[in-house]
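Enquirer: Okay, here's what each chain looks like letter by letter:
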Amino acid sequence: MSANARGPVEALKGLVRRQYFWGIVAVALLLLVNLVKDPGYLAVSIGPSGNLAGNVIDILRAAAPVILIAVGMCLVVATGGIDLSVGSVMVVAGAVSMEFLKDAPDTVGSTFTALALVIAVSAALGAVNGVLVSVVGLQPFISTLVIMLAGRGLAKVITGGQNTAATNETFRWIANGYVFGLPVVFLLALLVAVGVGLLVRRSALGLMLEAIGMDAKAARLAGVNRRALLFTVYIFGGVLAGFAGVFATASVMTVDVSRTGYQLELDAILAVVIGGTSLAGGKFNITGAVVGAILIATLDKTVVFLGVSSSATPAFKAIVIVALCLLQSERVRRVFRQRRAAGTARPAEREVVAA
Amino acid sequence: MKLGRPVVEMTGITVEFSGVRVLDRVDLTLRSGEIHALMGENGAGKSTLIGALTGTLPILAGEVRIYGEERTPAGVARSRAEGIATVFQETHLSPHLTVAENVMIGNEVRGTFGIDWKANRARTAEVLTRLGLGDLDPGRSLSSLSPAVKQLVAVARALVLEPRVLILDEPTSSLDAAEVQTLLRVVRGLRDRGVAILFVSHFLEQVFEIADRMTVLREGRFVGEYLADDLDHADLISKMIGEDIAALKALRSERLAHHYSASGDPTLRASALGRRGTLDPTDLELSRGEVVGFAGLHGSGRTELARLMGGAERADSGELWVDGVRVHLRSPGAALRSRIALSTENLREEGIIGGLTARENIVLALQAMRGWSRPLSRGEQSALIETYLEALHLSPRDIDRPIEELSGGTQQKILLARLLATRPHVLILDEPTRGIDIGAKLDIQRRVAQLAGDGVAVVFISSQLEEVVRLSDRIVVLKDREKIGELSNGPGVTVDTIVEMIAADLDGAPEM
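Sequence order for the protein chains is L and D. Mapping of the first sequence onto the UniProt record's numbering: residues 1 to 355, in sequence order. Mapping of the second sequence onto the UniProt record's numbering: residues 1 to 512, in sequence order.
Hints are computed from structural coordinates only; laboratory data are not their basis. Beta carbons: idealized from backbone N, C-alpha and C, even for Gly. Everything hinted at is true.
Label-pair distances were calculated between CB atoms; the ranges are:
id: 1; chain 1: L; residue 1: L15; chain 2: D; residue 2: S144; range: 56 to 64 Å
id: 2; chain 1: L; residue 1: L199; chain 2: D; residue 2: A383; range: 19 to 27 Å
id: 3; chain 1: D; residue 1: G12; chain 2: L; residue 2: R202; range: 51 to 59 Å
id: 4; chain 1: L; residue 1: L266; chain 2: D; residue 2: A383; range: 44 to 52 Å
id: 5; chain 1: L; residue 1: L15; chain 2: D; residue 2: G371; range: 27 to 35 Å
Which chain D residues face chain L? A few, computed with CB under 7 Å, are given here:
id: 6; residue: E350
id: 7; residue: L364
id: 8; residue: A365
id: 9; residue: Q367
id: 10; residue: M369
id: 11; residue: W372
Every beta carbon over 12 Å from chain L, so not counted as near; a handful from chain D, in silico:
id: 12; residue: D24
id: 13; residue: R65
id: 14; residue: G75
id: 15; residue: R80
id: 16; residue: R130
id: 17; residue: D135
id: 18; residue: G194
id: 19; residue: D232
id: 20; residue: S238
id: 21; residue: P281
id: 22; residue: W321
id: 23; residue: E386
id: 24; residue: G492
id: 25; residue: D496
Just chain L, same shape as in the assembly:
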């Protein structure tokens, strides 16, 4: 009954009650499956330059762009909206940077110019969403669907329909480089997630986003500036998607106008939902979105690793996600709880844990 023994137990209990707990369990299970197939799956080796390498590192690298768009999506969903355009914003960002770098000298300066261009273009696309949703008052689904369709077309126009390639070492480093032995992309994505998490929870942004997501009318009457918040959130989501586009194109230094970011908005939405944020808006969870993004990346890698045929991949993904959503649903959990309560030794067991 010591006080410091209770701390971790309570913390663990708190974690178990979190919705994204099941996301973590799912990641662990998928890794376990892979481990069974290949006992060396989780091995991480240290390369000659001190960089870590291995399947887990690959997963983290692949998770990076999904984390970025999931964090943006999480905020949009919190306001009761949805952003279907993130995948298209990614490809536009990729197209803009590749077109610029194609003719630019291979210098650090060009990298920064390219990034500035990406920010400008993706912010502009986010702003269009923002205006359509907050000022014009269109439904977010429709507004962002428009940008989703137009965006990919815009990317094709920018590259003239080509899959433009370019060379720039610094730009490439963003996607393929290492800092402290870990991939730069993952560190950047984590930094953004932690930064956004702190920003919304330490300031009053989180409260206001939840307020407008739960009850826009009541929030307005309480003096919350819904319009400005919505506008900001869509721009922010756009910029994060732009960076995700940089991550996705920089690793191969080629933008694939039909594949880059394709259907990634769905991954982002799934990540957000897995993380315990309701699509109805309101309460949101950035940590959960990150867990969700990592789960999606793990799932993608697992599908490839297990050799599931590419045509069956979507079905496999769907099964895992449906199972997860069922586990998270209040109703299914209640059924489980009732069945457990019907078991005999349960109360005694719980007392032991409490003691």
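Guided by the hints, dock chain D onto chain L, whose structure is given.
Expert: Same frame as chain L, now just chain D:
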């Protein structure tokens, strides 16, 4: 069918919502051929009891017997099969469907090829004729009808089932005097044919006119069942309000003793403030420390004026000054920054945010005023909440619970705390006491009196005119979207004074 035989016997009905007991061992007996009024203040548990009878709400304890047979847990379908029908308020109909569709929905006549629309229209016409609406085309869209006709359509919808028990929940709230008489005549006709009728209305005159028997509830408890002839108005009111009537009387005499006289510049001045189709240009002045009541019927412009003053709606004419400064209210947020705080009549839609905790609900408006980048620290929040816990009799253990789990009275108090946290100079409360228990009502009314003492200019709106008379220094009377006069409150002013003033104003154009 033998008249006077019990059709519905409810005994010991107890209902809880998330741990809060809203009905505590309540009895209700409905007899065939009798009109039974269910009386009680807002929040007394009338709607809950109806919910328990129609099977929309689960009962924790107690039994319901229909024709002497005990009903096991029942749903809406079951109670319908038992012949229990409810007349909803006209606002529960679907405005975009036709009259026939609204009447027959859920009970459509079906032929070989699906719904037989011709038969449906015929059946609708037949029921409408019984209600004296023989010339109403069943094919008309509901939205084109007046509120009164809509209400009769709602009655028709219940009659289609040929019910043995008919529940009328505030059926007259949108009707004028003549229309009320039509409806009451229909109800009497149904009674004479042996239907057991449960009638709920807050218009005491109508209740006394039509009811044979009454059951009174107070704060979720059964007060008693009485024959209508054994009670007079005063008896009934004291049974509904209970012992707190003494406290309310004390508050009234305090307010009268306080006797306010305006001095200095007004805190708020509106000149020709109006909005086309909503409110005719209206002049108004509010002074420091004054409680001004807005009296008038629903739709008279009292709510509309409040919304223009609080920035919830934008005025398209007139000017508004606060503390001598001209203000342009583009949003409620702008009003709050100009020190005008508005609580609207829709507590749930425009007041509290159900999913947030009580704490978050309280800090929200102040936080919005400060901007997102200057969050209130946990310490500041606690200090703020501390201030209101005591003043409003809030329980500390409620503070970190989602507000939707708390009672209506607590929600209303928390909304008040939210507004007070912004330190308003003008506080506009539209129906702050509707649907809440008597204790919370008293707390809120006392708080309003205190605020005026602290120098806030308060606007108090309530459809319960006694409350307006009790609290106000001055009463602004509205009718048909315009201000028809002002009264300085004093010992001679009663509810009747206001009612007479509204009735005497004949130049107001008749409805429609």
